[in-house]
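S.K.: Listed below, chain by chain, are the residues.
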Amino acid sequence: MKKGTRYALLLGAIPFVTLVLALPLVNRERPVVFGLPFLLFWILAWVALTPLFLYAAYRLEKKHNPPDEGERGGGP
Amino acid sequence: MNAALAIIAVVVFGSVALGVLAGRRVPMNLENWAVGGRRFGVVIIWLLMAGEIYTTFTFLGASGWAYSKGAPAFYVIIYGTLAYTLSFFILPAVWRAGKRYGLHTQPDFFIKRYGSRALGVLVALIGVASIVPYLQLQLTGLGFIVEVASRRAVSSGAAIVVAFVLTCLFVFTSGIRGAAWVAIVKDVLMIAAVAVVGIGVPLACFGGVGNMFKLLMERMPGYLAFPGGTPNLGVVWVMSTCLLTGLGFYMWPHVFGSAFSAKSAETIKRNAIIMPFYQVPVLLVFFVGFAALLVLPGLKNGDTAFLSLVQKTYPPWFLGFVGAAGALTAMVPASVLVLFASTLIAKNIYRPAFAPSAGEERVIRLSRIMVFVIMILALGSTFFLRRELVYLLIFGYDGVSQFFPGVVLGLFWKRATKQGVAAGLLVGVGIVVGLIVSSHDPVLGVNAGFVGLLANAVVTVLVSLGTQSASGGWE
Chain A
199 MKKGTRYALL LGAIPFVTLV LALPLVNRER PVVFGLPFLL FWILAWVALT PLFLYAAYRL
259 EKKHNPPDEG ERGGGP
Chain E
4 MNAALAIIAV VVFGSVALGV LAGRRVPMNL ENWAVGGRRF GVVIIWLLMA GEIYTTFTFL
64 GASGWAYSKG APAFYVIIYG TLAYTLSFFI LPAVWRAGKR YGLHTQPDFF IKRYGSRALG
124 VLVALIGVAS IVPYLQLQLT GLGFIVEVAS RRAVSSGAAI VVAFVLTCLF VFTSGIRGAA
184 WVAIVKDVLM IAAVAVVGIG VPLACFGGVG NMFKLLMERM PGYLAFPGGT PNLGVVWVMS
244 TCLLTGLGFY MWPHVFGSAF SAKSAETIKR NAIIMPFYQV PVLLVFFVGF AALLVLPGLK
304 NGDTAFLSLV QKTYPPWFLG FVGAAGALTA MVPASVLVLF ASTLIAKNIY RPAFAPSAGE
364 ERVIRLSRIM VFVIMILALG STFFLRRELV YLLIFGYDGV SQFFPGVVLG LFWKRATKQG
424 VAAGLLVGVG IVVGLIVSSH DPVLGVNAGF VGLLANAVVT VLVSLGTQSA SGGWE
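So the protein lines, in turn, are chains A and E. Per this note's numbering, residue 199 is the first one in the first sequence, and the count goes up by one each step. Per this note's numbering, residue 4 is the first one in the second sequence, and the count goes up by one each step.
Hints are computed from structural coordinates only; laboratory data are not their basis. Owing to the predicted nature of the structure, the values given are computational and were not obtained by experimental measurement. Backbone N, C-alpha and C define an ideal beta-carbon position, used for all residues, glycine too. Keep in mind that a hint or two might mislead.
[Unchecked claim] With a Cα cut of at most 30 Å, we get these calculated DSSO-like pairs of lysine-lysine: (1) 260(A) / 417(E); (2) 102(E) / 260(A); (3) 260(A) / 200(A).
[Claimed, not checked] Covered, in the sense of this in silico footprint (three residues per stretch, anywhere, with C-beta under 8 Å from a C-beta of chain A), are these stretches of chain E: (4) 66 to 76; (5) 85 to 94; (6) 208 to 219; (7) 269 to 277.
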């Protein structure tokens with residue numbers, strides 16, 4: 199697997215960890231953050247951060263993988 | 004005619020006209036019909052895919068769940084984000100295969116990758132069987148919205164028939180282009196409606212969202228953590244449902260097919276990055292549901308929360324505006340669903356079974372006729388087989404998410420074989436149908452579709468390891 203793809207996959211795993219695996223740990227209403235119950239705040243925060251992770255993944259792929267990789271070739 | 008009904012009529016007829024015009028001067032071949040000539044850029048793809056995600060379920064079902072169930076509704080905001088993240092990794096490879104081999108539909112992908120027409124027929128059958136309840140969901144929602152918003156000047160049945168026939172009309176004339184153009188109008192209206200109600204009501208009634216939640220937590224402690232107001236939708240259910248629907252979302256034949264209409268793999272990646280922003284309106288829909296719970300407690304059916312709240316707090320013309328937005332929110336996904344169901348039947352079921360020598364000309368003609376066959380089928384099931392909104396959605400999702408192993412292993416694992424995928428699909432769908440029919444969903448707190456998906460993945464891998472198959476020229 200190419201280096202850029204590996205970084206990208208690691209970044210892509212973050213929402214799955216925070217928004218699925220971590221749910222039992224954050225299943226509570228308090229403390230209230232910015233007026234939101236804690237569970238909802240947690241979910242929103244990671245939803246809002248996901249575009250940043252994906253953008254970083256996109257940049258890293260561009261940087262580490264050969265330039266025409268985006269248009270050519272099937273799977274690894 | 005009252006003001007609300009006039010607004011609904013103007014918006015619906017205007018949008019249909021736009022949809023019909025969208026196909027003018029475009030020669031209708033399979034490329035233009037199903038994948039828009041593979042020319043859609045980031046903005047149109049974003050609107051089209053958002054148009055497929057933002058359905059009547061988001062409008063009525065998500066606010067209804069927030070109202071009647073509380074925290075379990077949050078799964079809606081999570082699964083979308085998981086789906087977009089996955090799309091970043093999977094869809095570019097799907098798109099490249101589509102471009103290289105000239106694929107139009109999801110079964111085309113399976114046929115090419117696994118070199119089996121029979122597998123294509125199986126995938127098409129499961130696809131159509133999942134689309135029909137999803138279509139029914141849209142139509143039921145549409146009828147309900149128009150009936151309430153027009154203050155019963157139009158009955159739900161009449162609204163369904165008129166709006167759906169019009170929808171099929173612009174699908175017939177313009178294919179996927181019609182859907183993409185109407186999606187623009189729909190998104191603008193829907194976001195405006197949701198923003199006005201979702202921010203306006205908490206502000207007017209409670210002095211802000213923070214106060215609304217404070218009041219809610221005082222009156223109903225525990226409602227905003229899982230399992231909320233339900234006995235069985237606990238954190239395990241939420242986790243398994245988020246995974247199932249997150250993995251399943253891009254497996255819908257119409258969403259999968261939309262990936263082919265992008266201009267490039269690059270477009271799809273950029274689209275995936277900005278998609279999560281589309282979750283913001285869902286949050287506002289939750290606010291509507293929670294506000295309704297405090298303002299109008301004791302509604303019999305949670306799905307009515309959104310419209311009842313609007314009716315109580317806004318002037319009648321605004322109800323008409325919300326009704327119009329709601330009607331389009333049903334019509335756009337319905338149009339894409341009809342388009343892909345009809346193409347699946349014509350290209351991937353009828354042709355291999357009855358007319359293997361049919362050329363593209365005949366397939367496209369047949370697809371357009373099938374639009375009306377699907378229309379009659381969906382109307383029939385809407386009027387004769389009624390069900391609660393959210394169960395229709397879950398039923399469809401359980402079906403389509405079974406494609407996930409076949410797609411992902413097909414792209415990234417050379418050893419996957421047609422025998423493996425076919426066996427996995429049959430086992431997965433069999434388990435899902437068995438569990439739902441015997442009312443074992445959720446089973447031990449886990450979403451039944453997820454159980455089917457796990458079994459499906461295991462069977463696919465094991466059978467693939469034990470068999471060999473040619474890939475039909477796939478590199």
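S.K.: All hints are to be evaluated individually against the structure, with a verdict given for each.
M.R.: Hints, verified against the model:
Only pairs whose Cα atoms come within 30 Å are accepted, and residue 260(A) paired with residue 417(E) is accepted, the gap being roughly 25 Å. A C-alpha spacing of about 21 Å is found between residue 102(E) and residue 260(A), which places the hinted pair at or below 30 Å, so the restraint holds. At most 30 Å may separate the alpha-carbon atoms for a hinted pair to count; residue 260(A) and residue 200(A) meet this at roughly 11 Å. Under the rule that three or more residues need a Cβ within less than 8 Å of chain A, the assignment of the segment 66 to 76 of chain E is violated, with 1 such residues.
With 6 residues bearing a CB less than 8 Å from a CB of chain A, the segment 85 to 94 of chain E meets the requirement of three and the coverage assertion stands. Look at the segment 208 to 219 of chain E against chain A: 6 of its residues bring a Cβ nearer than 8 Å to a Cβ of that chain, three or more, so the hint holds. Counting residues of the segment 269 to 277 of chain E whose CB lies closer than 8 Å to any CB of chain A gives 6, so the stated coverage by that chain holds, three being the minimum.
The structure fails to meet hint 4 from the earlier list, while all remaining hints are met.
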